[in-house]
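Asks: For reference, the chains in residue letters:
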Amino acid sequence: MSDHPVEPLERLLAELREPDTADPIAKGRVMDAVRRAARPPRHPEDARRRTRMAGARLTSVAGVALAAGVAGLITAGARASYGDGDAAPAVHVFGDTVAATLRDTLRLVRFMFVAPAAQRVALAGEFNRWNPSATPLHRPSPDEPWSVALRLPAGRHDYAFVVDDTQWVSDPRGTPADPNELAPPRSVIVVGTER
Amino acid sequence: MKSAPPFSDAAVVRQVLDGDAEAFGVLVERYYDHYARFARHLVGNREDAEEVLQDTFLRAYHALAKYEEKERFGAWLLRILVNRARTVSARRKRRERLFPEADAGWAEVAEAHPAERAALREEVHRALALLAVDQREAFLLRYVEGLTYEEMVGVTGAGLSALKMRVKRACDRLREILNEVHHV
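Just so you know, the sequences run in chain order A and B.
Using this note's numbering, the letters of the first sequence correspond one by one to residues 747 to 941.
Using this note's numbering, the letters of the second sequence correspond one by one to residues 48 to 231.
Incorrect hints may appear among the rest.
[Claimed, not checked] Some chain B residues close to chain A (C-beta under 8 angstroms, calculated; not the full set):
1. Ala70
2. Phe71
3. Val73
4. Tyr79
5. Asp80
6. His88
7. His109
8. Tyr114
9. Glu118
10. Arg138
11. Val171
12. Ala174
13. Leu177
It is worth saying that the hints were derived from the structure and are not from the lab.
If you're wondering where the values come from, they're calculated on a predicted model, not measured in any experiment.
Even for Gly, the Cβ is constructed at its ideal location relative to N, Cα and C.
Take these sequences, add in the hints, and give me the full structure.
Replies: Printed below as a string of structure tokens:
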């Protein structure tokens with residue numbers, strides 16, 4: 747039996763195949779639910795290393811929290827705990843940026859920006875071809891910072907925040923990039939140099 | 048221009064299982080938008096689709112230790128989504144009438160004018176709504192998500208012959224419905 751559709755199904759299929767823009771707020775709620783439920787899932791292999799942030803008091807920041815390695819991501823302003831009996835990672839604090847070296851393989855970076863009055867905040871940089879549409883930030887509530895987590899290769903990355911689609915701002919707590927009168931204000935982060 | 052090198056879903060899963068709940072956000076970013084469309088077509092409205100999606104990702108998070116890397120993560124996630132959509136659809140059917148009467152006459156849709164795009168979308172969803180749930184599901188998986196029948200077996204748990212029959216019946220029924228609209 748043939749199930750190849752012909753007209754008028756082609757018209758119907760064209761409509762169904764149109765890309766759909768999901769509501770970013772609804773999408774943000776997914777991670778809110780995951781965070782509420784977060785607890786170290788049971789891993790089938792017991793020998794995995796676990797990490798724990800011990801005694802790392804983090805201030806509320808408008809900046810970048812940097813995580814190095816497969817095993818962990820630290821969000822500035824929160825205390826993370828992954829389990830008992832594990833060695834604490836090396837933690838370096840400079841300004842409001844916290845970098846924790848956990849395992850030297852992958853880099854997961856959380857960008858955070860405080861803008862309670864903004865309707866939209868996006869991140870633009872070389873990693874998304876300076877396209878703010880590609881990387882919106884989310885916030886669980888108007889009282890909390892906007893944030894997004896990105897994977898970045900080791901090296902230098904220029905970036906900026908775009909507020910309400912029009913205002914390009916550098917990271918107020920980050921490292922300013924070299925000024926360039928032809929470019930909007932931006933900041934720089936160097937991934938992968940923490941130890 | 049340089050771009051961030053991708054790393055596999057399996058690597059992200061391992062990271063989450065190592066205790067990094069935030070890393071799950073990478074999987075959400077990768078799959079939410081794409082499956083949002085499928086969920087909306089399956090359950091018929093955005094609100095229920097968002098509930099299905101949230102439930103799906105949360106269940107996936109809790110069940111990550113059961114995920115086997117030999118299976119594509121997207122397919123594993125889709126399997127959860129299909130089950131959640133069935134539950135939500137069944138609950139909604141019991142609760143209220145979601146879609147218009149089957150014998151309601153539909154006006155011809157003027158597609159040439161862009162302003163009628165919303166009407167076309169509504170026509171399409173009404174047509175889908177008139178399918179049996181398993182036919183709608185099979186049709187969408189096959190012709191919108193582009194799964195092979197073998198992949199559909201893994202996602203739905205149904206047999207190959209049953210799936211082919213559902214797709215055929217869905218196509219036949221949709222042609223019937225759409226011909227009724229255009230030949231009034």
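Asks: Failing hints, ascending?
Replies: Hints 8, 9, 10, 13 are the ones this structure does not satisfy, whereas the remaining hints hold.
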